[in-house]
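Taken in sequence, the protein lines are chains D and B.
Everything in the first sequence is counted per this note's numbering, starting at 1 for the first residue and increasing by one.
Everything in the second sequence is counted per this note's numbering, starting at 171 for the first residue and increasing by one.
Don't read these hints as lab results, they were simulated from the structure.
Careful: at least some of the hints might be erroneous.
Claimed, not checked - Quick list of the computed label-pair ranges, beta carbon to beta carbon:
id	chain 1	residue 1	chain 2	residue 2	range
1	B	240	D	126	42 to 48 Å
2	B	192	D	131	16 to 22 Å
3	B	327	D	79	48 to 54 Å
The beta-carbon is built from N, C-alpha and C at its ideal position, and this holds for glycine as well.
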Amino acid sequence: MSSISLEALSLLVVDDNKHMHMVVKAILNSMRIKNIRFSDNAADAFMEMRNWHPDIVISDWAMEPLDGLDFVRLVRKGDDSPNPYIPIILLTGHTEMHRVLEARDAGVNEILAKPISIKSLYSRLVSIIEQPRPFVKSKAYFGPCRRRSVDPNYSGPERRADVALSDSAA
Amino acid sequence: MNDKAPQIIKVPNLLRAKIGNKTGPDLNQIVKQAEAALDGMSHLYEGWIRDYLDTINKAMSEAQASVPPDPDAIARIRKASHELKGQGLTLGYPLLTQVGHMLHGFIDRDEACAARNLDLIAAHIGFMNLVVQKKIRGDGGPEEEMLLGALGQAARKLAKN
Numbered sequence: 001m002s003s004i005s006l007e008a009l010s011l012l013v014v015d016d017n018k019h020m021h022m023v024v025k026a027i028l029n030s031m032r033i034k035n036i037r038f039s040d041n042a043a044d045a046f047m048e049m050r051n052w053h054p055d056i057v058i059s060d061w062a063m064e065p066l067d068g069l070d071f072v073r074l075v076r077k078g079d080d081s082p083n084p085y086i087p088i089i090l091l092t093g094h095t096e097m098h099r100v101l102e103a104r105d106a107g108v109n110e111i112l113a114k115p116i117s118i119k120s121l122y123s124r125l126v127s128i129i130e131q132p133r134p135f136v137k138s139k140a141y142f143g144p145c146r147r148r149s150v151d152p153n154y155s156g157p158e159r160r161a162d163v164a165l166s167d168s169a170a
Numbered sequence: 171m172n173d174k175a176p177q178i179i180k181v182p183n184l185l186r187a188k189i190g191n192k193t194g195p196d197l198n199q200i201v202k203q204a205e206a207a208l209d210g211m212s213h214l215y216e217g218w219i220r221d222y223l224d225t226i227n228k229a230m231s232e233a234q235a236s237v238p239p240d241p242d243a244i245a246r247i248r249k250a251s252h253e254l255k256g257q258g259l260t261l262g263y264p265l266l267t268q269v270g271h272m273l274h275g276f277i278d279r280d281e282a283c284a285a286r287n288l289d290l291i292a293a294h295i296g297f298m299n300l301v302v303q304k305k306i307r308g309d310g311g312p313e314e315e316m317l318l319g320a321l322g323q324a325a326r327k328l329a330k331n
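Build the full structure now, drawing on both the sequences and the hints.
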């Protein structure tokens, strides 16, 4: 069965490990994604976003001096963020539930556990394109809606009944 | 409308428009090509693994050389074990992913406890070195399973104390 073509996408990969650059590049190339740039750290990635405007960012979590979550928070909430709405996939070896929740609350769109599964990376990219979530802006959070799905059988109170709807200027 | 209510922002799906309706290779083909590409780099993997183990062994020597152990050396062991956890499987050593996961978890849970128990860190590292020396590329046999079990049990016991 054929899949959607991802070859038009441009991706920025942020990881301080050169080996991972090669691994991720090999996997993305197999999806025919050739328009890829790499950054070793969050500061360079920020510059790259400003000058090059990638479609999607894939970032590692364990980096120094700023880690992946610092980077995500800068992108989402920084006054000088080049694109607060850019989809971000966080690569991580941290798979404990509290870490996953921490990443979600920082504003990542998708989390991908290491070792990287080719199918999982593909499905995260497709999910970003086919099932984009609206963004939520509140006093405590800015990022993609943390609710992944609507439960048709949910009968409890609607905690977001009082919301403002708007279109982004992006 | 409450001013403090969360605002829901509908972001235009520009990516859907950008990729259009063109079809790409099917997923099985993508997986095959990616695996072939990763196999094609396998001649590099031994060097990468050696780099990680060199980092870990050097940091371990530094940690053992001072009392209390140098926290920076312990942090380097934690980071390199995290890298091995993330890459061991891809680089053909699934056991390194397992033992990297265990060692990283042990240090990450309580760095001070880990520093007081360098013997257990050394046992994890010894196991990593053994896996690479013996080129154990699969999940290992009963002996490796027993060693992994013993390391996990020791770490859990320390975590409880």
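What hint numbers does the structure not satisfy?
-> none
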